[in-house]
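J.: Heads up: the sequence lines are chains A and B, in that order.
Numbering (my numbering) for the first sequence: 366 to 479.
Numbering (my numbering) for the second sequence: 5 to 118.
It should be emphasised that the hints constitute simulated quantities derived from the structure, not laboratory data.
Predicted, not measured: the structure shown is a model, and the values here were computed from it.
Do not rely on the hints blindly, as some may be mistaken.
Said to hold, decoys possible - Restricting the straight-line Cα-Cα distance to at most 25 angstroms, the calculated cross-link-like pairs of lysine-lysine (DSS-like) are:
no., chain 1, residue 1, chain 2, residue 2
1, B, Lys113, A, Lys401
2, A, Lys405, B, Lys46
3, A, Lys405, A, Lys436
4, A, Lys432, B, Lys46
5, B, Lys60, A, Lys387
6, A, Lys436, B, Lys60
7, A, Lys409, B, Lys113
8, A, Lys409, B, Lys72
9, A, Lys406, B, Lys117
10, A, Lys409, B, Lys110
11, A, Lys401, B, Lys60
12, B, Lys72, A, Lys374
13, A, Lys436, A, Lys374
14, B, Lys75, A, Lys406
15, A, Lys406, B, Lys113
16, B, Lys60, A, Lys374
17, B, Lys72, B, Lys60
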Amino acid sequence: DTAVSQTPKYLVTQMGNDKSIKCEQNLGHDTMYWYKQDSKKFLKIMFSYNNKELIINETVPNRFSPKSPDKAHLNLHINSLELGDSAVYFCASSPQGIGNQPQHFGDGTRLSIL
Amino acid sequence: GESVGLHLPTLSVQEGDNSIINCAYSNSASDYFIWYKQESGKGPQFIIDIRSNMDKRQGQRVTVLLNKTVKHLSLQIAATQPGDSAVYFCAVKNYGGSQGNLIFGKGTKLSVKP
Chain A
366 DTAVSQTPKY LVTQMGNDKS IKCEQNLGHD TMYWYKQDSK KFLKIMFSYN
416 NKELIINETV PNRFSPKSPD KAHLNLHINS LELGDSAVYF CASSPQGIGN
466 QPQHFGDGTR LSIL
Chain B
5 GESVGLHLPT LSVQEGDNSI INCAYSNSAS DYFIWYKQES GKGPQFIIDI
55 RSNMDKRQGQ RVTVLLNKTV KHLSLQIAAT QPGDSAVYFC AVKNYGGSQG
105 NLIFGKGTKL SVKP
């Protein structure tokens, strides 16, 4: 059973398009995250939601809009895709707020912009 | 804020030897530290964590050492196996900016020679 699952695994699209990535966790966690990993493997947080409420919003272009319909789902919508958006996007979850608990990651969505 | 660095970007070891991966952090107020393993095409996988009230914690074949005086963290892997080949990240809980999120180091690629 996959604990944190993301779809799609691969996403290839053209510049200017709008796309969404979905994430679901079946761990019963309260907090979910989106991270971006660049080509040099650098992993940086983008957003965090705790029980459907936004609690972290790092310096991310407003073309990126997260949505949490319930605490088990956190989706990421990206408008007007740019070349620099090419990266691997990881969803993660953790048991409570952003306290001292490890985050559990999905296997990523590889976004390639043509 | 917090910055996290790694002393070596790559590490090559012989199968059966012990591996040591190092990490430095900058914020002396950081109180939670995690090591993750990322295999090719996968998301980061939790290995072990440590809180600042400890200086050593052991798991199965892994040990994390925390030296708060010099703000240094290390991961020791005993009897390294080919399956340990991956990129290893340290992550530190951030107390600046978006308080409470994890700041990830740049990663060390561990290669195990048979």
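J.: Each of the hints needs a verdict: does it hold here or not?
T.: Going down the list of hints, with the structure as the test:
Taking the CA atoms of Lys113 of chain B and Lys401 of chain A, the gap is near 19 angstroms; set against the 25 angstroms cutoff, the hint holds. For the hint pairing Lys405 of chain A with Lys46 of chain B, the CA-to-CA distance comes to about 15 angstroms; that is within 25 angstroms, so the pair holds. The suggested pairing of Lys405 of chain A with Lys436 of chain A is violated, with an alpha-carbon distance near 31 angstroms, which exceeds 25 angstroms. In summary, the hint linking Lys432 of chain A to Lys46 of chain B is supported, as the alpha carbons are separated by about 24 angstroms, within the 25 angstroms threshold.
With a C-alpha separation of about 38 angstroms, the suggested pair Lys60 of chain B and Lys387 of chain A falls outside the 25 angstroms cut-off, and the hint is violated. A hinted pair counts as satisfied when its Cα atoms are at most 25 angstroms apart, and Lys436 of chain A with Lys60 of chain B does not qualify at roughly 34 angstroms. Pair hint Lys409 of chain A plus Lys113 of chain B holds up; C-alpha atoms about 18 angstroms apart against a cutoff of 25 angstroms. Distance restraint check for Lys409 of chain A and Lys72 of chain B: the Cα-Cα separation of roughly 24 angstroms lies within the 25 angstroms cut-off, and the hinted pair is therefore satisfied.
A C-alpha spacing of about 22 angstroms is found between Lys406 of chain A and Lys117 of chain B, which places the hinted pair at or below 25 angstroms, so the restraint holds. Among the hinted pairs, Lys409 of chain A with Lys110 of chain B is consistent with the structure: their alpha-carbon atoms are about 10 angstroms apart, no more than 25 angstroms. Taking the CA atoms of Lys401 of chain A and Lys60 of chain B, the gap is near 31 angstroms; set against the 25 angstroms cutoff, the hint is violated. At most 25 angstroms may separate the alpha-carbon atoms for a hinted pair to count; Lys72 of chain B and Lys374 of chain A exceed this at roughly 39 angstroms.
Among the hinted pairs, Lys436 of chain A with Lys374 of chain A is consistent with the structure: their alpha-carbon atoms are about 21 angstroms apart, no more than 25 angstroms. Distance hint between Lys75 of chain B and Lys406 of chain A is fulfilled; the C-alpha atoms sit about 23 angstroms from each other, no more than 25 angstroms. The straight-line distance between the Cα atoms of Lys406 of chain A and Lys113 of chain B is roughly 10 angstroms, inside the 25 angstroms bound, and the hint therefore holds. Straight-line distance between C-alpha atoms of Lys60 of chain B and Lys374 of chain A comes to about 37 angstroms, which puts the hinted pair past the 25 angstroms bound.
The straight-line distance between the Cα atoms of Lys72 of chain B and Lys60 of chain B is roughly 11 angstroms, inside the 25 angstroms bound, and the hint therefore holds.
Of the hints listed earlier, those the structure fails to meet are numbers 3, 5, 6, 11, 12 and 16, in rising order.
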